[in-house]
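Number of protein chains: 6
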Amino acid sequence: MRPSGRQPDELRRIALTCHYTKHAEGSVLVEFGDTRVICTASVEERVPPFLKGKGSGWITAEYGMLPRSTHERMNREATKGRQGGRTMEIQRLIGRSLRAALDLEALGERTVTIDCDVIQADGGTRTASITGGFVALSLAVRHLLQQKRLKANPIHGQIASVSVGIYKGIPVLDLDYQEDCEAETDMNVVMNDAGAYVEVQGTAEGHAFRRSELNAMLDLAGHGIDQLLLRQRDALENGGCP
Amino acid sequence: MRPSGRQPDELRRIALTCHYTKHAEGSVLVEFGDTRVICTASVEERVPPFLKGKGSGWITAEYGMLPRSTHERMNREATKGRQGGRTMEIQRLIGRSLRAALDLEALGERTVTIDCDVIQADGGTRTASITGGFVALSLAVRHLLQQKRLKANPIHGQIASVSVGIYKGIPVLDLDYQEDCEAETDMNVVMNDAGAYVEVQGTAEGHAFRRSELNAMLDLAGHGIDQLLLRQRDALENGGCP
Amino acid sequence: MRPSGRQPDELRRIALTCHYTKHAEGSVLVEFGDTRVICTASVEERVPPFLKGKGSGWITAEYGMLPRSTHERMNREATKGRQGGRTMEIQRLIGRSLRAALDLEALGERTVTIDCDVIQADGGTRTASITGGFVALSLAVRHLLQQKRLKANPIHGQIASVSVGIYKGIPVLDLDYQEDCEAETDMNVVMNDAGAYVEVQGTAEGHAFRRSELNAMLDLAGHGIDQLLLRQRDALENGGCP
Amino acid sequence: MRPSGRQPDELRRIALTCHYTKHAEGSVLVEFGDTRVICTASVEERVPPFLKGKGSGWITAEYGMLPRSTHERMNREATKGRQGGRTMEIQRLIGRSLRAALDLEALGERTVTIDCDVIQADGGTRTASITGGFVALSLAVRHLLQQKRLKANPIHGQIASVSVGIYKGIPVLDLDYQEDCEAETDMNVVMNDAGAYVEVQGTAEGHAFRRSELNAMLDLAGHGIDQLLLRQRDALENGGCP
Amino acid sequence: MRPSGRQPDELRRIALTCHYTKHAEGSVLVEFGDTRVICTASVEERVPPFLKGKGSGWITAEYGMLPRSTHERMNREATKGRQGGRTMEIQRLIGRSLRAALDLEALGERTVTIDCDVIQADGGTRTASITGGFVALSLAVRHLLQQKRLKANPIHGQIASVSVGIYKGIPVLDLDYQEDCEAETDMNVVMNDAGAYVEVQGTAEGHAFRRSELNAMLDLAGHGIDQLLLRQRDALENGGCP
Amino acid sequence: MRPSGRQPDELRRIALTCHYTKHAEGSVLVEFGDTRVICTASVEERVPPFLKGKGSGWITAEYGMLPRSTHERMNREATKGRQGGRTMEIQRLIGRSLRAALDLEALGERTVTIDCDVIQADGGTRTASITGGFVALSLAVRHLLQQKRLKANPIHGQIASVSVGIYKGIPVLDLDYQEDCEAETDMNVVMNDAGAYVEVQGTAEGHAFRRSELNAMLDLAGHGIDQLLLRQRDALENGGCP
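Protein chains in written order, with UniProt numbering: chain W, 1 to 242; chain L, 1 to 242; chain C, 1 to 242; chain B, 1 to 242; chain F, 1 to 242; chain E, 1 to 242.
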């Protein structure tokens, strides 16, 4: 019934390629099916003005799409002279989600910027960005630990994200672009490895959704995130992240 | 226990003053306690380029805060030369929420712009904007009906919004600024008069929230929105909205 | 003969509602007939770079119009990404006028920003802003005196402003929007309570004006400003400004 | 008594060099002492959107200063990404003043843009721009008449401008930069050749000015403008403007 | 002697991976050693205003770098609100170079936009962009031919580009980042397959270069471009471009 | 054969008028035929952030065109809110070229900004800007030496620039606008007084150029630059630059 032939509770092929680029302290190519996002984590030994002298670090995120990552070419935001509302909304979401993964004081007075650049878009770019961004952040922290710039690991939990929705009346997991366009409801869920929610953002596209539908979507999301957390650990601990 | 002395499930004083300004097709001053927002609905006989010739109307929203609507003076966005991410996120939310209230094709090829300008902020400006914005939209549609520019009412449902959160471990309804600053979780809920969800946006500020907490917050939101829907009807139907 | 039925030398209904919003050090809603402007005075303990270390304070003004304060909805300047020439011209005029009201050295190294936001426009928004801005500034100075952050009152004079013009060949006082559109000449006059001029800005819209017409307009302006100064004192000294 | 040794009612050396650049339909270098401004008039066969199809032409002005036209180098507005308030105020003044010189309907559906670029600034750049701008406009109209693109001359009056002020207590004509910095009052006056006022903009810099001072300044301005009108005619009619 | 151990006339490893992304009409990943650029060619059935109705097509290029494609993270141009001078210079160079490859009239009234996005930078991003951009353009033209939207191939020549420079006194080919930083002279050469020059841009970084050095660099460039042209043909004709 | 009747190796009339404006430390009006550019050199006792505390000075350039310096009026970049790519490319070229003229360390921690403003354009504005900019820079350095703010002259060589091209198949020197529009190849060459190259920028406009054509153009450029260097020395040493 799904365009891709997947089961309602089936994720797309998930791939996390660590060390995808060489300059960043942490970098990963994350793929959710045909959605491909380069996530890099860059460490700078300074904090934004509002945190100066407060003994706390900062995690921030930026998000961008290559102009032809999409079906139709989009204008480049650098050319338009401003980031659009969707871009800002997504990068604020990624930043908030990843800040929930670690103890900012334990990070020390430094900033880690997570850049999520979409090479190819096929739905779910923000959930892929959060899931990949966590891996890039972990690699950067590992780098700081190896360099002895950090004594203890400030990361206290794992964060992953997936989308769920109501497609042709049925709750489905990890929507691709085609499903996303036709879905009546679209929800992005960010959870930690303790099974608690960091963000829940549900939007009725066509008709408003009932409490029972909300519950069914949350069940699916929990199921998907369990698998994503596993893939992250595999990538970080074994050769899965070569 | 709440700074204001309210019960956990108690709304602030809600007031809707219709026809607050004279030029707009619909206008209302909405007050959620000390939060005061002017909502105006402006009708223009044209649609944005992506809708031209498609027989559909459009609802869009813009949001702004007066520089000294807040504790500390904020810089004016017009001076900074760009709207911030928070502003864009809020105006996108208001627009999506109000589009769920009516049949865009029945509106005809015209645009209604809902401007929500915060005169005084004390928490909950986006939920007040949606709740007041619905009333302004309804007044503008009533104006179009009276002028016979519309034959039938395109509004097919009522929309209201309220915030809920976990404050000192307890789920509470309609957070004011002081509660909002200290809340561990903050959720904005938009519902219609059929009891279904249009938007659910929950964010863990301090610690991630559990499924049971999510459920308690949704119960509170439903309770608050029932009262807001009543206030809207009262304002629109009786002298409540003079 | 005037659309409103007023006499040529008759002001509109003038109202000054002090403490209109709660966060600002000084705030007032000023009404010149249907023209309504919120004026707030915000105190910050710093001066712009060009005054640093010079022992002088600063008064600056910003001006904005709500998008639907006017007959037709205007685009929001924050959306356009820049303030228009008219806005800049007006806020420069308000700032210069109010700086003439006080001794900047006696203010100390702090900045008072006067925000004038037009809620509803019906002609004369700049003169209302200056007249109301003076009251907001006075309230903020009173607040600083009460807090003992100032030892002596730096305000050495009162400032008010009114428009005059030639409407259908006759000099008239305090033009509303309809008169303003049709006026052959429009002049904004700012005076102090010693009867001297702080600003005189006269513009021929249709035909150039003669010296005798200029004199007649200045007479009317003096007459109107006398009344406005009275209303300001009443608002500040008695319960007129509750 | 004046730094330049001039009499209170004495203009600086005035020079108008016509056809200063070769591409523009009208161009002139105007000099008020050391203040030097290139004024060009460019004709385009279209009108701004708000005038389309209304059978009327348009005159608009733009104003700029070379970065090192001033004592200290200023940042280039093109680099800063926006025109400042002073620039906007001045170009609006020039445009309004020159529109008073001609019948816009008789101009036909075309736009004349007057560019005033300050090569060297020594006070009075806006009055020099208006005075020179009128000559550039006249040359462009003469060009249109010669090309038979216009049948009749739409210019119905002559426009010139000069500054006056109170310098060390004495009313003086045509202030240079040094006087301008120290003047207690500064007034720019635009008049036509019928002796009527197009713009009067007086600003108290130090202390507010009395009615008698205003009158003395207006007398001086009329005296100066008479001479400027003569210089314009000389430039346009005789070889003065080679 | 070269940091990489290469011979003075030796290119880095060159790779061209065709169809690197799925949405664009033409796409390629080009690698010059560690420099990696995604080039996409997007076809749109319209031309810029200056070409409307002239029977000619257009090729334009845009260039961007991912924020962490470089050693230190750069600020995102979309965040800064403007493209820098270097970016503009490079994208103008790419556009001019590729327009020399084909007959714009034979392309018909359509625009091909070449987006060159640097994933990883190690010197020579502009020469890699031109070399890869030609392949992306060729793939897009092939797509148009296959879809019968073009009857004949408008490409009349092959275009490739390489950098040359004087490094430690010796002319070298295809500089990597380390060489580029220390080079006394840096030259980018764009040539066609007839051995003629499309662009020659030589810059003395340290000391000015003599005619004999210029000649030696041009010889090296010709040698390198011959190999690049071969690699392009291989990629387009054989499985080299899978 | 050339539209101007010049020989292929003939420069236009070259004029350098020193001290053209009075405020700048160095200023010159440079004329290459009808191309007229005001070059000013402004000295500031600070360096950009990247040079702070490094004991080195800086030379930077900015370039602008008056809106009606050209055949058709161009929009003002300050109005558009950004400098175009061509402007940025040219000012980067001027800055790089002039930095090659002097020892930045010997300049001390100060910045010289060269502003090149085109009053009238007729081809070759960038080469005139470099040639005139060198004279303005020399005058500013002379000023610093006279004021004893510099002990020794940091200028170690002379820099001039000229354009060459292939016009109707024949290599020509110093193209005017008409030739520039029709030229098949356009090359800008910057050289020092030791006969070495600082910049070589050749662009095929119509057909790619061969090595022999490149050589012929370089010969012409060398010939022209010899004369320009002579004119610069004459202007700086004799009364040529009054």
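By construction, these hints were calculated from the structure, which means they are not laboratory data. Hints may contain errors.
[What the hints assert, rightly or not] Think about it this way: if two alpha-carbon atoms lie no more than 27 Å apart in a straight line, the pair counts; the simulated DSS-like pairs of lysine-lysine are: (1) Lys-54(C) x Lys-54(B); (2) Lys-52(W) x Lys-52(C); (3) Lys-80(C) x Lys-52(L).
[Claimed, not checked] A few chain C residues that face chain L, going by a derived Cβ cut-off under 7 Å, partial list only: (4) Thr-60; (5) Glu-62; (6) Pro-67; (7) Asp-115; (8) Asp-117; (9) Gln-120.
[Stated by the list, open to error] Pair ranges (Cβ atoms, derived): (10) Thr-79(L) x His-156(W): 37 to 45 Å; (11) Leu-51(L) x Arg-142(W): 48 to 56 Å; (12) Leu-145(F) x His-156(W): 31 to 39 Å.
Note that the structure is predicted; figures quoted are calculated from it, not measured. Heads up, the beta-carbon is just placed ideally off N, CA and C, and yes, glycines get one too.
Item to complete: Would you pick out the hints that fail for this structure and give their numbers low to high?
Response: 1, 4 and 12
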